[in-house]
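*Asks:* Construct the complete structure from the given sequences, taking the supplied hints into account.
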Amino acid sequence: MDIENLVKMANSIGDFFSAEPDRELGVAGITQHLKNFWEQRMQLAIIRHYEAGGEGLSDLVKTAVGQLAKAHSPQR
Amino acid sequence: MAVRDCDYGTPLSDSTQTVSLEIDGFKVTVPEGTSILRAAATAGIQIPKLCATDSLDPFGSCRLCLVQVEGARGLPASCTTPVGEGMKVCTQNDRLAAVRKGVMELYISDHPLDCLTCSANGNCELQDMAGAVGLREVRYGYEGENHLNAEKDVSNPYFQFDPSKCIVCSRCVRACEEVQGTFALTIDGRGFDSKVSPSQNESFMDSECVSCGACVQACPTATLIEKSVVEKGQPEHSVVTTCAYCGVGCSFKAEMKGAEVVRMVPNKDGHANHGHSCVKGRFAFGYATHKDRITKPMIRQKITDPWQEVSWDEAIEYAASEFKRIQAKYGRSSVGGLTSSRCTNEEAYVVQKLVRAAFGNNNVDTCARVCHSPTGYGLKQTLGESAGTQTFDSIRKTDVILVIGANPTDGHPVFGSAMKRRIREGARLIVADPRQIDLVKSVHVKADYHLKLRPGTNVALINALSHVIVTEGLVNEAFALERCELASFEKWKTFVADERHSPEALEDVTGVEARLVREAARLYATGGNAAIYYGLGVTEHSQGSTAVIGIANLAMATANVGREGVGVNPLRGQNNVQGSCDMGSFPHELPGYRHVSDATTRSLFESVWGVTLDAEPGLRIPNMFSAAMDGSFMGLYCEGEDIAQSDPDIQHVHAALRAMECVVVQDLFLNETAKFAHVFLPGASFLEKSGTFTNAERRISPVRRVMTPLAGYEDWEVTQLLSNALGYPMDYQHASEIMDEIASLVPTFTGVSFKKLDELGSVQWPCNNEAPLGTPTMHVGTFVRGKGRFLLTEYVPTPERTSSRYPLILTTGRILSQYNVGAQTRRTQNSLWHSEDRLEIHPHDAEDRGINGGDWVGIKSRAGETVLRATLTERVQPGVVYTTFHFPESGANVITTDTSDWATNCPEYKVTAVQVTKVTSPSEWQQDYREFSEEQQNLLEHRLAAVD
Numbered sequence: 001m002d003i004e005n006l007v008k009m010a011n012s013i014g015d016f017f018s019a020e021p022d023r024e025l026g027v028a029g030i031t032q033h034l035k036n037f038w039e040q041r042m043q044l045a046i047i048r049h050y051e052a053g054g055e056g057l058s059d060l061v062k063t064a065v066g067q068l069a070k071a072h073s074p075q076r
Numbered sequence: 001m002a003v004r005d006c007d008y009g010t011p012l013s014d015s016t017q018t019v020s021l022e023i024d025g026f027k028v029t030v031p032e033g034t035s036i037l038r039a040a041a042t043a044g045i046q047i048p049k050l051c052a053t054d055s056l057d058p059f060g061s062c063r064l065c066l067v068q069v070e071g072a073r074g075l076p077a078s079c080t081t082p083v084g085e086g087m088k089v090c091t092q093n094d095r096l097a098a099v100r101k102g103v104m105e106l107y108i109s110d111h112p113l114d115c116l117t118c119s120a121n122g123n124c125e126l127q128d129m130a131g132a133v134g135l136r137e138v139r140y141g142y143e144g145e146n147h148l149n150a151e152k153d154v155s156n157p158y159f160q161f162d163p164s165k166c167i168v169c170s171r172c173v174r175a176c177e178e179v180q181g182t183f184a185l186t187i188d189g190r191g192f193d194s195k196v197s198p199s200q201n202e203s204f205m206d207s208e209c210v211s212c213g214a215c216v217q218a219c220p221t222a223t224l225i226e227k228s229v230v231e232k233g234q235p236e237h238s239v240v241t242t243c244a245y246c247g248v249g250c251s252f253k254a255e256m257k258g259a260e261v262v263r264m265v266p267n268k269d270g271h272a273n274h275g276h277s278c279v280k281g282r283f284a285f286g287y288a289t290h291k292d293r294i295t296k297p298m299i300r301q302k303i304t305d306p307w308q309e310v311s312w313d314e315a316i317e318y319a320a321s322e323f324k325r326i327q328a329k330y331g332r333s334s335v336g337g338l339t340s341s342r343c344t345n346e347e348a349y350v351v352q353k354l355v356r357a358a359f360g361n362n363n364v365d366t367c368a369r370v371c372h373s374p375t376g377y378g379l380k381q382t383l384g385e386s387a388g389t390q391t392f393d394s395i396r397k398t399d400v401i402l403v404i405g406a407n408p409t410d411g412h413p414v415f416g417s418a419m420k421r422r423i424r425e426g427a428r429l430i431v432a433d434p435r436q437i438d439l440v441k442s443v444h445v446k447a448d449y450h451l452k453l454r455p456g457t458n459v460a461l462i463n464a465l466s467h468v469i470v471t472e473g474l475v476n477e478a479f480a481l482e483r484c485e486l487a488s489f490e491k492w493k494t495f496v497a498d499e500r501h502s503p504e505a506l507e508d509v510t511g512v513e514a515r516l517v518r519e520a521a522r523l524y525a526t527g528g529n530a531a532i533y534y535g536l537g538v539t540e541h542s543q544g545s546t547a548v549i550g551i552a553n554l555a556m557a558t559a560n561v562g563r564e565g566v567g568v569n570p571l572r573g574q575n576n577v578q579g580s581c582d583m584g585s586f587p588h589e590l591p592g593y594r595h596v597s598d599a600t601t602r603s604l605f606e607s608v609w610g611v612t613l614d615a616e617p618g619l620r621i622p623n624m625f626s627a628a629m630d631g632s633f634m635g636l637y638c639e640g641e642d643i644a645q646s647d648p649d650i651q652h653v654h655a656a657l658r659a660m661e662c663v664v665v666q667d668l669f670l671n672e673t674a675k676f677a678h679v680f681l682p683g684a685s686f687l688e689k690s691g692t693f694t695n696a697e698r699r700i701s702p703v704r705r706v707m708t709p710l711a712g713y714e715d716w717e718v719t720q721l722l723s724n725a726l727g728y729p730m731d732y733q734h735a736s737e738i739m740d741e742i743a744s745l746v747p748t749f750t751g752v753s754f755k756k757l758d759e760l761g762s763v764q765w766p767c768n769n770e771a772p773l774g775t776p777t778m779h780v781g782t783f784v785r786g787k788g789r790f791l792l793t794e795y796v797p798t799p800e801r802t803s804s805r806y807p808l809i810l811t812t813g814r815i816l817s818q819y820n821v822g823a824q825t826r827r828t829q830n831s832l833w834h835s836e837d838r839l840e841i842h843p844h845d846a847e848d849r850g851i852n853g854g855d856w857v858g859i860k861s862r863a864g865e866t867v868l869r870a871t872l873t874e875r876v877q878p879g880v881v882y883t884t885f886h887f888p889e890s891g892a893n894v895i896t897t898d899t900s901d902w903a904t905n906c907p908e909y910k911v912t913a914v915q916v917t918k919v920t921s922p923s924e925w926q927q928d929y930r931e932f933s934e935e936q937q938n939l940l941e942h943r944l945a946a947v948d
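Protein sequence lines correspond, in order, to chains A and B.
Per our numbering, residue 1 is the first one in the first sequence, and the count goes up by one each step.
Per our numbering, residue 1 is the first one in the second sequence, and the count goes up by one each step.
Calculated from the structure, these hints are not laboratory results.
Watch out, some of these pointers could steer you wrong.
Which bits of chain A does chain B cover? Going by a derived footprint, with three or more residues having C-beta under 8 Å, they are [unchecked claim]:
hint: 1; segment: 10-17
hint: 2; segment: 20-33
hint: 3; segment: 38-51
On a predicted model such as this, the values are computed, not experimentally measured, just so you know.
Glycine included, each C-beta is placed from N, C-alpha and C at the ideal position.
*Replies:* Shown next, in the form of structure tokens:
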């Protein structure tokens, strides 16, 4: 999967949830959105990118992808 | 079914009070306000009439429906005289007979006596009335001055106008005014010189006529008549079915001679259209029997190979073996399927079932991805259901109409007419659109406010409207506190009250004067029943879902949801967008909008389908393309969708299709996607199959087979064959059995069956034990999700910015006569109105570039370049250009980019930064496309015949 495109998509999800004043809720919203709507290979690709430093990901999205990585860890 | 309907003469009164009277000695009880003419008809008493018909208000001009009322003076016209309590009416006596005969003598003295060769013979009200009044002679003779040599107007491709047969009853003029709202016809001249005139005595084709057919429908003689009837004669039976064009879902009678459709006539009992139609549904059905239809299955190994016609068995076996091979090589998730909004619910259901049960993954998506997927997301998150809240008829009780990013008179013409009627009755209108659409200003319609925003700033505008409503105390606190989540409501109020969302602060962003925003917000919040209608101008943006959420917030904050006359109304583009979404066509949802991760729902489907289902969401269409480019998605089953024309950044789409090892296309024609296919499975048109469509108001309507499928199978049968070949058995004998299975699995469909649709005509879901007759208005008393949820809608500018290289914004849209990718309408005479896509450009922008109307111009974006001819118009604002996408060679989607909605990946068709320059030759892409297309057409024409 084109990681540049996935980063762009993840950040745009982050833009929506960044309006949430409670940062934790915002992060949870992003993580849940990725779980609900991203196919496995997309989720794994963004996790791999995060684990490699997450270049280009906004701070909020990095945190959310980190949560996603934790949720995935038992399966990986 | 009989061809001719009973005509009650005047419209039904909606009064709940009744009146009893006596007609010809029979007691009749009817609603107050009913005409004597209609009251008589309900009792089976036919009063002669000519200028009256039940789709139009009474006119009282023909003097044929006169009656005698005891105690009243003279002979009143029964069409214009309402019933009265205790009234005693006589419809037949010598005096009335003499008057009526005299009237008919005058009519016939100036009418051709060619009944035997007249195209209306057997279906002519004038002929019927001559018989009814017993006309035997015309004392005036036929030699006097007359109109018998008046010239026929055959300019319209679908109907003709023969003024020699006109009785000047004004039914056509009134239909154009009252039903269609175009006011293209008038009665020109006075007395003997009176004649029906399109516009200023122009031909129909050159006039403002939009060819909706209302005048033809209303004409009692052969004056205005379909050319197909002139050519083929009167139909002998009819079948009620549902139009396969836009999301209005009009009910039609397919009027037939044997297995041939003579004409499509709007069904006056149709719940969505009430007897009205547009040029597409009424006339543009010829594609169904067009010579381009492919009726034999074809296969080929490579897209550079010639096609080989094969038997159905061979084609299905080849497709199945290819999918199995690909899955064995690349993994279970390497294949997927697409359902189509142009197909029936039953077809969408079996395609997604095939993907989930036979392919074993959730890689299914649908063309709603590229139109209304943000509606599904946004309304589910806020109101709890991925659907519009109202009926179309709800607009009859609307006081303020807010249209955002929709062009109903072009995209949803029959509903557009209903909307215009309500506006003529006094409803106020706010239009938010970058272009001056017809609703902004047309005959007898003028928007109170046109918020001419910059493309891409919907969310900013909605926030500004919300800001005014909150800060000026216009919120309906009682409703919001009772019906919505308190915490979300309070948070939202704080958010939108921030000064950065004020109309003044956002004026430079939206380009809309703050004063107009404030006044429009006040009108929406305080003007009575306010309803929002929106379209793809809302959804096809990087913030499409945010805008839908913002619209729902507005409706909840002002208590404009949960009753008639109000609501949130997405105008769906294609006929079955709502239905294809309902049927589980999205990769994250099973039928009925339940997430695939929900174990309870999965186990329900698993028990009926007999397979284990994947609990993870699958790939969306654009994700499939990305996966194809990286080699992990190699096989696609595409039914009824043309992704190679309709999807954005088309060069990327084409590259992805070329990268796949097996593309199976099931369609009527060798469409653009089929040019990249390895297997072609012939599809069936809506006239050749049974099933249901669900329109924009959640109305499930029957699609009935009126002719045998040209290729032998209905589409669901083809999917079933493929599923069986893949090893997952399906054994439906009829589409109704598929609906029975849907009803057993989807809580909002448990009361739906073909039998019920036969009884009711149509039904709006939810239709179940709680609502056995369906649900016209949603969220009454409580929201589907319980409490309504406000969400925060921060405006985030699109990444697609203008620059010195790309200084203009391109936005795209539709036109009345063409439909979507044009595969259907381009194969009809509708192309006489729109034979090419053009670029609309403001005269100032054109002048800066030395462009004149009709010049070829290059339109270049960051994604690609194409060339179109320019039309100079002030409908677009300076800085904005506009085009349609109905012709593949136009390459509108060569220019559009891969930017998409954050939540759903719905493409941002509506905002592309471009430069426009005068050019002299087609773009490089167009030249390549032409070469490729000709090559593919050649491979089709030289296809190898099947060996028997």
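*Asks:* Would you mind marking each hint as holding or not holding in the structure?
*Replies:* Hints, one by one, checked against the model:
For the segment 10-17 of chain A, the proposed coverage by chain B is satisfied: 4 residues have a C-beta within less than 8 Å of a C-beta in that chain, meeting the threshold of three. Coverage of the segment 20-33 of chain A by chain B holds in this model, with 3 residues showing a Cβ closer than 8 Å to a Cβ of that chain against a need of three. Counting residues of the segment 38-51 of chain A whose beta carbon lies closer than 8 Å to any beta carbon of chain B gives 5, which meets the minimum of three for the stated coverage.
Figure legend: structure checked against the earlier numbered hints; every hint is met.
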